[in-house]
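The primary structure of each chain is shown beneath.
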Amino acid sequence: GAGVSQSPSNKVTEKGKDVELRCDPISGHTALYWYRQRLGQGLEFLIYFQGNSAPDKSGLPSDRFSAERTGESVSTLTIQRTQQEDSAVYLCASSPQGGSGNTIYFGEGSWLTVV
Amino acid sequence: QKEVEQDPGPLSVPEGAIVSLNCTYSNSAFQYFMWYRQYSRKGPELLMYTYSSGNKEDGRFTAQVDKSSKYISLFIRDSQPSDSATYLCAMRETNAGKSTFGDGTTLTVKP
Numbered sequence: 001g002a003g004v005s006q007s008p009s010n011k012v013t014e015k016g017k018d019v020e021l022r023c024d025p026i027s028g029h030t031a032l033y034w035y036r037q038r039l040g041q042g043l044e045f046l047i048y049f050q051g052n053s054a055p056d057k058s059g060l061p062s063d064r065f066s067a068e069r070t071g072e073s074v075s076t077l078t079i080q081r082t083q084q085e086d087s088a089v090y091l092c093a094s095s096p097q098g099g100s101g102n103t104i105y106f107g108e109g110s111w112l113t114v115v
Numbered sequence: 001q002k003e004v005e006q007d008p009g010p011l012s013v014p015e016g017a018i019v020s021l022n023c024t025y026s027n028s029a030f031q032y033f034m035w036y037r038q039y040s041r042k043g044p045e046l047l048m049y050t051y052s053s054g055n056k057e058d059g060r061f062t063a064q065v066d067k068s069s070k071y072i073s074l075f076i077r078d079s080q081p082s083d084s085a086t087y088l089c090a091m092r093e094t095n096a097g098k099s100t101f102g103d104g105t106t107l108t109v110k111p
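Line by line, the protein sequences are chains A and B. So the first sequence is residues 1 to 115, counted in the working numbering. So the second sequence is residues 1 to 111, counted in the working numbering.
For the record, the hints were derived by calculation from the structure and aren't laboratory data. Glycine included, each C-beta is placed from N, C-alpha and C at the ideal position. Any given hint could be a false lead.
[As the list claims (entries may be wrong)] Here are the computed lysine-lysine pairs in the DSS-like style, where the Cα-Cα straight-line distance is at most 27 Å:
1) B:K2 - A:K57
2) B:K2 - B:K56
3) A:K11 - A:K57
4) B:K110 - B:K42
5) B:K2 - B:K42
6) A:K11 - B:K98
7) B:K98 - B:K2
8) A:K57 - B:K42
9) B:K98 - B:K70
10) A:K57 - A:K17
11) B:K2 - B:K67
12) B:K67 - B:K98
13) B:K70 - B:K2
14) A:K11 - B:K42
15) B:K98 - B:K42
16) B:K42 - A:K15
17) B:K56 - B:K70
18) B:K98 - A:K57
[To be verified] If the Cβ cut is set under 8 Å, some of the chain B residues that face chain A in the computed set are:
19) K42
20) G43
21) P44
22) L46
23) L88
24) G97
25) K98
26) S99
27) F101
28) G102
29) D103
30) G104
Modelling step: build the complete structure from the supplied sequences, incorporating the hints.
Now the structure itself:
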């Protein structure tokens with residue numbers, strides 16, 4: 001497809017289980033971002049990948065959160081031992097290059113509910 | 001205290017009104033200033049971005065940045081019901097990947 005694709009679109013999981021969220025960026029985009037958005041709030045930065053550079057992981061809230069990216073393609077965000085406060089929309093975005101004023105394109109998000 | 005504070009709203013205006021949306025920030029290193037529009041259950045889409053201080057106009061939308069006051073605004077002229085959405089301001093330092101977002105203002109334009 002032409003846009004950023006995320007899966008699953010909705011996920012309900014039990015507290016304590018692990019979840020994996022997937023992001024397919026726009027083809028050719030070297031930069032990829034993960035953000036979290038809680039209900040009624042703004043976006044909270046999680047992690048940023050740019051080409052072959054070391055990712056900026058400064059936004060990951062705890063060691064239960066991790067993310068990987070295969071080359072300049074698919075990324076997976078993993079949340080281990082989920083907690084109720086992890087319930088949120090997880091948004092992935094990509095851009096042609098990182099930094100500067102490049103337009104960032106968001107996917108529609110993965111809606112995670114931890115029960 | 002948050003780095004970016006956005007007027008919380010919600011805002012409800014009649015069709016045709018002029019809308020003003022505002023954010024303040026504390027990080028003087030921010031150089032890129034963006035406004036995103038987010039419809040319900042959708043990802044944000046970029047409306048406008050401005051580098052450093054000044055004004056930028058695009059159709060019915062005008063973005064203003066006053067770095068001396070650490071204050072940015074988005075004006076919508078002749079508002080339409082299709083403008084009803086949540087508007088998010090965001091800011092970024094030069095060569096940084098991370099953007100810092102406000103909490104959003106929900107706008108409803110009534111026909």
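Against the structure, the hints:
Taking the CA atoms of K2 of chain B and K57 of chain A, the gap is about 20 Å. The hint holds against a cut of 27 Å. Taken as a hint, the K2 of chain B and K56 of chain B pair is honoured in the structure, with Cα atoms around 26 Å apart against an allowance of 27 Å. The straight-line distance between the Cα atoms of K11 of chain A and K57 of chain A is roughly 24 Å, inside the 27 Å bound, and the hint therefore holds. Using a Cα cut-off of 27 Å, the hinted pair K110 of chain B and K42 of chain B holds, with the two alpha carbons roughly 21 Å apart.
Taking the CA atoms of K2 of chain B and K42 of chain B, the gap is about 25 Å. The hint holds against a cut of 27 Å. Between K11 of chain A and K98 of chain B the alpha-carbon distance is near 26 Å, which keeps this suggested pair within the 27 Å criterion. Straight-line distance between C-alpha atoms of K98 of chain B and K2 of chain B comes to about 15 Å, which keeps the hinted pair within the 27 Å bound. A distance of roughly 25 Å separates the Cα atoms of K57 of chain A and K42 of chain B; the hinted pair therefore holds under the 27 Å criterion.
For the hint pairing K98 of chain B with K70 of chain B, the CA-to-CA distance comes to about 19 Å; that is within 27 Å, so the pair holds. Distance hint between K57 of chain A and K17 of chain A is fulfilled; the C-alpha atoms sit about 22 Å from each other, no more than 27 Å. Restraint check for K2 of chain B and K67 of chain B: satisfied, since their Cα atoms lie roughly 17 Å apart, inside the 27 Å limit. A threshold of 27 Å between alpha carbons decides the hint, and for K67 of chain B with K98 of chain B the separation of about 19 Å falls inside it, so the pair holds.
Distance check on the hinted pair: K70 of chain B and K2 of chain B sit about 13 Å apart at the alpha-carbon level, within 27 Å; holds. Between the alpha carbons of K11 of chain A and K42 of chain B the distance comes to roughly 16 Å, so the proposed pair stays at or under 27 Å and holds. At roughly 20 Å between alpha-carbon atoms, K98 of chain B and K42 of chain B fall within 27 Å of each other, so this suggested pair holds. Taking the CA atoms of K42 of chain B and K15 of chain A, the gap is near 26 Å; set against the 27 Å cutoff, the hint holds.
Taking the CA atoms of K56 of chain B and K70 of chain B, the gap is near 17 Å; set against the 27 Å cutoff, the hint holds. With a C-alpha separation of about 10 Å, the suggested pairing of K98 of chain B with K57 of chain A holds against the 27 Å cut-off. Given hint, K42 of chain B at the interface with chain A, holds; its Cβ is 6 Å from that chain's nearest Cβ, closer than 8 Å. Taking 8 Å as the C-beta cut-off, the interface hint given for G43 of chain B holds, the closest approach to chain A being about 3 Å.
Interface hint status for P44 of chain B: upheld, as the beta-carbon distance to the closest one in chain A is roughly 5 Å, under 8 Å. Interface hint at L46 of chain B: satisfied, since its Cβ lies 5 Å from the closest Cβ of chain A, which is below the 8 Å cut-off. For the restraint placing L88 of chain B at the interface with chain A, the shortest Cβ-Cβ distance is roughly 6 Å, inside the 8 Å limit, so the hint holds. Residue-level restraint check for G97 of chain B holds (minimum Cβ-Cβ distance to chain A is 3 Å; threshold 8 Å).
Using the Cβ-Cβ criterion of 8 Å, the hint placing K98 of chain B at the interface with chain A is satisfied: the shortest such distance is roughly 5 Å. A distance limit of 8 Å between C-beta atoms decides the matter here; for S99 of chain B the minimum to chain A is near 7 Å, and the interface restraint holds. Of the supplied interface hints, the one on F101 of chain B holds, with its beta-carbon coming within about 4 Å of a beta-carbon of chain A, less than 8 Å. For G102 of chain B, the suggested interface contact is upheld, since its CB lies about 5 Å from the closest CB of chain A, less than 8 Å.
Satisfaction of the interface hint for D103 of chain B is found here, the shortest Cβ-Cβ separation to chain A being roughly 4 Å, below the 8 Å cut-off. Restraint check, G104 of chain B versus chain A: the minimum CB separation of about 6 Å is within 8 Å; hint holds.
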